[in-house]
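A.B. asks: The lines below spell out each chain.
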Amino acid sequence: MRVALFVTCLVDLLRPSIGFAAIKLLENAGCTVEVAATQTCCGQPAYNGGDRAAAIALARKTIAEFEHCQRDQGCAYLVTPSGSCADQIRNAYPALLADDPAWQSRAEHLAARAYELTDFLVTVLHVESVPGDFAGSVSYHDSCSGLRGLGIREQPRALLALVPGLTLREMPAAEECCGFGGAFSIKFGAISAAIAEKKCVNARLAAADALVGGDLGCLLNIEGKLRRMGDRHTRVLHVAEVLAGVSTADATPN
Amino acid sequence: MQQQSMFFKARATATLADVGLQANLRQAKGKFVDSRAQAVADYDRENEGDFEALRLAGEAIRKRVVDDLDSWLEVFEERATARGASVLWARDGQEICDLVLDIARTHGVQKVIKSKSMLSEEAGLNQALEAAGVRPVETDLGEYILQIAGNEPPSHIIAPVMHKNVDQVADLFARTHGTPRQTAIPALTREARAVLREHFVSAEMGISGANFLIAETGSAALVTNEGNGRMVSSLPKVHVVITGIEKIVPTLADFATLMRLLPRSATGQVISNYVSLLTGKARGSAEESTTAATDATDATDGPEHVYFILVDNGRVGLLGSEFQSMLACIRCGACLNHCPVYQTIGGHAYGWVYPGPMGSVLTPLLRGVEKALDLPQASTLCQQCSVVCPVRIPLPELLRKLRERQTRAGLRPRGERLAWRLWAWLAARPGCYDLATRAALRYLNWLAGGRERIEVLGIAPGWSAGRDFPAPQGKTFRQLYRQQTKPR
Numbered sequence: 003m004r005v006a007l008f009v010t011c012l013v014d015l016l017r018p019s020i021g022f023a024a025i026k027l028l029e030n031a032g033c034t035v036e037v038a039a040t041q042t043c044c045g046q047p048a049y050n051g052g053d054r055a056a057a058i059a060l061a062r063k064t065i066a067e068f069e070h071c072q073r074d075q076g077c078a079y080l081v082t083p084s085g086s087c088a089d090q091i092r093n094a095y096p097a098l099l100a101d102d103p104a105w106q107s108r109a110e111h112l113a114a115r116a117y118e119l120t121d122f123l124v125t126v127l128h129v130e131s132v133p134g135d136f137a138g139s140v141s142y143h144d145s146c147s148g149l150r151g152l153g154i155r156e157q158p159r160a161l162l163a164l165v166p167g168l169t170l171r172e173m174p175a176a177e178e179c180c181g182f183g184g185a186f187s188i189k190f191g192a193i194s195a196a197i198a199e200k201k202c203v204n205a206r207l208a209a210a211d212a213l214v215g216g217d218l219g220c221l222l223n224i225e226g227k228l229r230r231m232g233d234r235h236t237r238v239l240h241v242a243e244v245l246a247g248v249s250t251a252d253a254t255p256n
Numbered sequence: 023m024q025q026q027s028m029f030f031k032a033r034a035t036a037t038l039a040d041v042g043l044q045a046n047l048r049q050a051k052g053k054f055v056d057s058r059a060q061a062v063a064d065y066d067r068e069n070e071g072d073f074e075a076l077r078l079a080g081e082a083i084r085k086r087v088v089d090d091l092d093s094w095l096e097v098f099e100e101r102a103t104a105r106g107a108s109v110l111w112a113r114d115g116q117e118i119c120d121l122v123l124d125i126a127r128t129h130g131v132q133k134v135i136k137s138k139s140m141l142s143e144e145a146g147l148n149q150a151l152e153a154a155g156v157r158p159v160e161t162d163l164g165e166y167i168l169q170i171a172g173n174e175p176p177s178h179i180i181a182p183v184m185h186k187n188v189d190q191v192a193d194l195f196a197r198t199h200g201t202p203r204q205t206a207i208p209a210l211t212r213e214a215r216a217v218l219r220e221h222f223v224s225a226e227m228g229i230s231g232a233n234f235l236i237a238e239t240g241s242a243a244l245v246t247n248e249g250n251g252r253m254v255s256s257l258p259k260v261h262v263v264i265t266g267i268e269k270i271v272p273t274l275a276d277f278a279t280l281m282r283l284l285p286r287s288a289t290g291q292v293i294s295n296y297v298s299l300l301t302g303k304a305r306g307s308a309e310e311s312t313t314a315a316t317d318a319t320d321a322t323d324g325p326e327h328v329y330f331i332l333v334d335n336g337r338v339g340l341l342g343s344e345f346q347s348m349l350a351c352i353r354c355g356a357c358l359n360h361c362p363v364y365q366t367i368g369g370h371a372y373g374w375v376y377p378g379p380m381g382s383v384l385t386p387l388l389r390g391v392e393k394a395l396d397l398p399q400a401s402t403l404c405q406q407c408s409v410v411c412p413v414r415i416p417l418p419e420l421l422r423k424l425r426e427r428q429t430r431a432g433l434r435p436r437g438e439r440l441a442w443r444l445w446a447w448l449a450a451r452p453g454c455y456d457l458a459t460r461a462a463l464r465y466l467n468w469l470a471g472g473r474e475r476i477e478v479l480g481i482a483p484g485w486s487a488g489r490d491f492p493a494p495q496g497k498t499f500r501q502l503y504r505q506q507t508k509p510r
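Chains as they are written, first to last, in the numbering used here: chain S, 3 to 256; chain W, 23 to 510.
Bear in mind the hints are in silico, worked out from the structure with no lab data behind them.
As the structure is a prediction and not an experimental result, all values here were calculated from the model.
Certain hints may be false.
Within a straight-line C-alpha distance of at most 20 Å, the following computed EDC-like cross-link-like pairs (lysine to aspartate or glutamate) qualify [stated by the list, open to error]: (1) S:63 <-> W:456; (2) S:200 <-> S:172; (3) W:31 <-> S:199; (4) S:200 <-> S:177; (5) W:259 <-> W:124; (6) S:63 <-> S:74; (7) W:497 <-> W:474; (8) S:200 <-> S:233; (9) S:189 <-> S:199; (10) W:133 <-> W:220; (11) S:63 <-> S:110; (12) W:53 <-> S:177; (13) S:189 <-> W:456; (14) S:200 <-> W:40; (15) S:189 <-> S:177; (16) S:63 <-> S:101; (17) S:200 <-> W:56; (18) W:53 <-> W:189; (19) S:189 <-> W:438; (20) W:423 <-> S:101; (21) W:393 <-> W:114; (22) S:189 <-> W:474; (23) W:423 <-> S:102; (24) S:189 <-> W:426.
Stretch by stretch, here's where chain S covers chain W in the computed footprint (C-beta under 8 Å, at least three residues) [stated by the list, open to error]: (25) 23-35; (26) 425-437; (27) 449-455; (28) 488-500.
Sample of chain S residues with no beta-carbon within 10 Å of chain W, all distances over it, derived [as the list claims (entries may be wrong)]: (29) 3; (30) 70; (31) 103; (32) 139; (33) 160; (34) 164; (35) 211.
Even glycine gets a Cβ: it sits at the ideal position worked out from N, Cα and C.
Work out the full structure, taking the sequences as your base and the hints as a guide.
C.D. replies: Rendered as structure tokens:
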């Protein structure tokens, strides 16, 4: 099966290891992965920022890119290591393009084929083993868009349960927002950081070696706050990095 | 009420350093969130997982009313009038005050006892009454505390004094009542009751809000936990109900459905301690024939004069707009209780009557988008509010639409608009975007200087004032991917 990987703008810029981990996981499950060289951002920041025109323009761009991958390379699905981008593509694109019947049906076509990575691995590929191993315990933070927009809760946990050596230690209130909220984290930095602090206090109650999540935005926020609080040892990892086994020295420069 | 929403950011930031407030917020969050979760779980267990079906039913009832609001209001007016009540209409807060003062003058009222009414907060009614020489006395314990604390505004729509703790109330009571300071909550409640009892029996007029107006019977429904609503609406000879025009439900059966949702969503109660239905004035009251009063089948208690003041105050503007679903709100407070932002800053920062997600939607719509610029932005859009809303209002979507409205109206700061435009321009042009991300990375790599984290992020000081920024790995995914897939 051929799948198109949507890397996401944050992963591209800040943590490419997540993109490579996603490729490794998909290839390990028997997929051939295509990456459209022209991809940039799904447009969610513009959508949430109130710039509907920019959000529509980027939705059309992403839709056209996938159609290209489908036509020329035979990609059946679009997979992305982010609940937030997957939520945008699946739920926001059809709504954004609802006034234009031709574009709306193209948006629906993509929405039906767009998956968050862990959801895809579990729901579509039914994977029963993953390449990674992890000696230690992790807690899992449920990111808002994946959880409440797409209903992703069990999928990452089911996959983490397949990792040899890994113990899942749930933190209290794992489903509560970490305070990131995209541009919110900069516009209302003090409030955002105060919410992040609550998340970090809960994360540390789990006393796990690492906090794992499925969205880089939240992970940057949580890691940034943990470090500012003086926690130098709790690692903050993307679920793809853990599952693919790229979570050791090659993932974060020490 | 004086609107302060433009000072949101400064007020919100100040609350973060308020140790006492933060402790109160933590305690309240635990109470509300856990209680609701338990109530929903219990309901699901007893009804085979049907709380979601109940929410759908609640949404349908409210939608049916709001879609046809004018007709339902006419039905209500006719039925309420037939039961001897007077139905009056107010366009805004000023008209509320004028009508109430007229009624007070007509009946020679010197003292008014009040049960909770958010519309009276919208109108600043207490100040208007005082200015006209009529003494208002709040009888909801929370509202009473706020009144004797110098007319503080409420910080939560159902727990108005949530921002104060027992010690603060103990001090306030001792100072105001001239009594020995006591800190046990039952003792404080008894003390307030003794003070309020005097007012209950001496006031000539009662004012309450209404949780619902029932069109079928022309009744107002009051949902309270303290019983003060029942005293306010039955002891004085004149009773005035002030409520928004959107509070209608068609039938008593619909009311019953919504009452399965409201207390569970608000406080996690199966039912509130008191549920009162006020229908018309006392039969056999003074003006009617004296024989009627001896008719045992007719209720002879209750007020002799009942007025409904039904208020627009901006609500009509939502009808037929993309924000119409906001009129379905039943004011349970669940969206406040579950909002990470509200949990962190409390209600006062929002600057008007309604805080939290529902307030961030309502305040700009009722008061003007340009007068509450921060409110629609002050949300992480985590969607938890729409998950717990008993009538399924898509609050995150409404907040986003308000952001779009701000953008269309050119109300966002110039720097922000330019940044968006530049970013959108680049994101649509992969070649330029590639160069821009590499330049951004060079900047971030320079800031990191080989360390794992950036402590001062020059382009986004809002971020790094309260947390570090994890250092990037060094190259973009595209760069690395190109290198990797380049034919050797």
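A.B. asks: Against each hint, give a clear statement of whether it holds in the structure.
C.D. replies: Hint by hint, here is what the structure shows:
Under the criterion of a C-alpha separation no larger than 20 Å, the hint pairing residue 63 of chain S with residue 456 of chain W is consistent with the structure, at around 16 Å. Of the pairs offered as hints, the one joining residue 200 of chain S and residue 172 of chain S holds, with about 15 Å between alpha carbons and a cut-off of 20 Å not exceeded. With a C-alpha separation of about 19 Å, the suggested pairing of residue 31 of chain W with residue 199 of chain S holds against the 20 Å cut-off. Taking the CA atoms of residue 200 of chain S and residue 177 of chain S, the gap is about 12 Å. The hint holds against a cut of 20 Å.
Taking the CA atoms of residue 259 of chain W and residue 124 of chain W, the gap is about 16 Å. The hint holds against a cut of 20 Å. Only pairs whose Cα atoms come within 20 Å are accepted, and residue 63 of chain S paired with residue 74 of chain S is accepted, the gap being roughly 16 Å. At most 20 Å may separate the alpha-carbon atoms for a hinted pair to count; residue 497 of chain W and residue 474 of chain W meet this at roughly 15 Å. Taking the CA atoms of residue 200 of chain S and residue 233 of chain S, the gap is near 14 Å; set against the 20 Å cutoff, the hint holds.
Between the alpha carbons of residue 189 of chain S and residue 199 of chain S the distance comes to roughly 17 Å, so the proposed pair stays at or under 20 Å and holds. Between residue 133 of chain W and residue 220 of chain W the CA atoms are separated by roughly 11 Å; this keeps the pair inside 20 Å, and the hint holds. At roughly 14 Å between alpha-carbon atoms, residue 63 of chain S and residue 110 of chain S fall within 20 Å of each other, so this suggested pair holds. The suggested pairing of residue 53 of chain W with residue 177 of chain S holds, with an alpha-carbon distance near 17 Å, which does not exceed 20 Å.
For the hint pairing residue 189 of chain S with residue 456 of chain W, the CA-to-CA distance comes to about 26 Å; that exceeds 20 Å, so the pair is violated. Distance hint between residue 200 of chain S and residue 40 of chain W is fulfilled; the C-alpha atoms sit about 16 Å from each other, no more than 20 Å. A threshold of 20 Å between alpha carbons decides the hint, and for residue 189 of chain S with residue 177 of chain S the separation of about 23 Å lies outside it, so the pair is violated. Annotation: proposed proximity of residue 63 of chain S to residue 101 of chain S holds, straight-line Cα distance about 17 Å (limit 20 Å).
Among the hinted pairs, residue 200 of chain S with residue 56 of chain W is consistent with the structure: their alpha-carbon atoms are about 17 Å apart, no more than 20 Å. At roughly 19 Å between alpha-carbon atoms, residue 53 of chain W and residue 189 of chain W fall within 20 Å of each other, so this suggested pair holds. With a C-alpha separation of about 10 Å, the suggested pair residue 189 of chain S and residue 438 of chain W falls inside the 20 Å cut-off, and the hint holds. This hinted pair checks out: residue 423 of chain W and residue 101 of chain S have alpha carbons roughly 16 Å apart, not beyond 20 Å.
Of the supplied pair hints, the one linking residue 393 of chain W and residue 114 of chain W holds, its CA atoms being roughly 17 Å apart against a limit of 20 Å. Between residue 189 of chain S and residue 474 of chain W the alpha-carbon distance is near 24 Å, which puts this suggested pair outside the 20 Å criterion. Simply put, residue 423 of chain W and residue 102 of chain S have alpha-carbon atoms about 19 Å apart, close enough for the 20 Å limit, and the pair holds. A distance of roughly 16 Å separates the Cα atoms of residue 189 of chain S and residue 426 of chain W; the hinted pair therefore holds under the 20 Å criterion.
For the region 23-35 of chain W, the stated coverage by chain S holds: 3 residues have a C-beta nearer than 8 Å to a C-beta of that chain, and at least 3 were required. Counting residues of the region 425-437 of chain W whose beta carbon lies closer than 8 Å to any beta carbon of chain S gives 6, which reaches the threshold of three, so the coverage claim holds. For the region 449-455 of chain W, the assignment as covered by chain S holds, since 4 residues bring a beta-carbon within under 8 Å of that chain's beta-carbons and 3 suffice. Counting residues of the region 488-500 of chain W whose C-beta sits closer than 8 Å to any C-beta of chain S gives 13, which meets the bar of three, so the coverage hint holds.
Residue placement check: residue 3 of chain S keeps its beta carbon more than 10 Å from all beta carbons of chain W (closest about 19 Å). A cut-off of 10 Å between C-beta atoms confirms that residue 70 of chain S is not in contact with chain W; the least separation is 13 Å. Look at residue 103 of chain S: its CB is around 20 Å from the nearest CB on chain W, clear of 10 Å, so calling it non-interface holds up. For residue 139 of chain S, the non-interface assignment is confirmed: its Cβ lies about 21 Å from the closest Cβ of chain W, beyond the 10 Å cut-off.
Even its closest Cβ contact with chain W, about 22 Å, leaves residue 160 of chain S beyond 10 Å, as expected for a residue assigned away from the interface. Under the 10 Å C-beta cut-off, the non-interface status given to residue 164 of chain S relative to chain W holds; the minimum distance is some 25 Å. For residue 211 of chain S, the condition that its CB be more than 10 Å from all CB atoms of chain W holds, with the nearest at approximately 17 Å.
Hint compliance for this structure: hints 13, 15, 22 are broken, all remaining hints hold.
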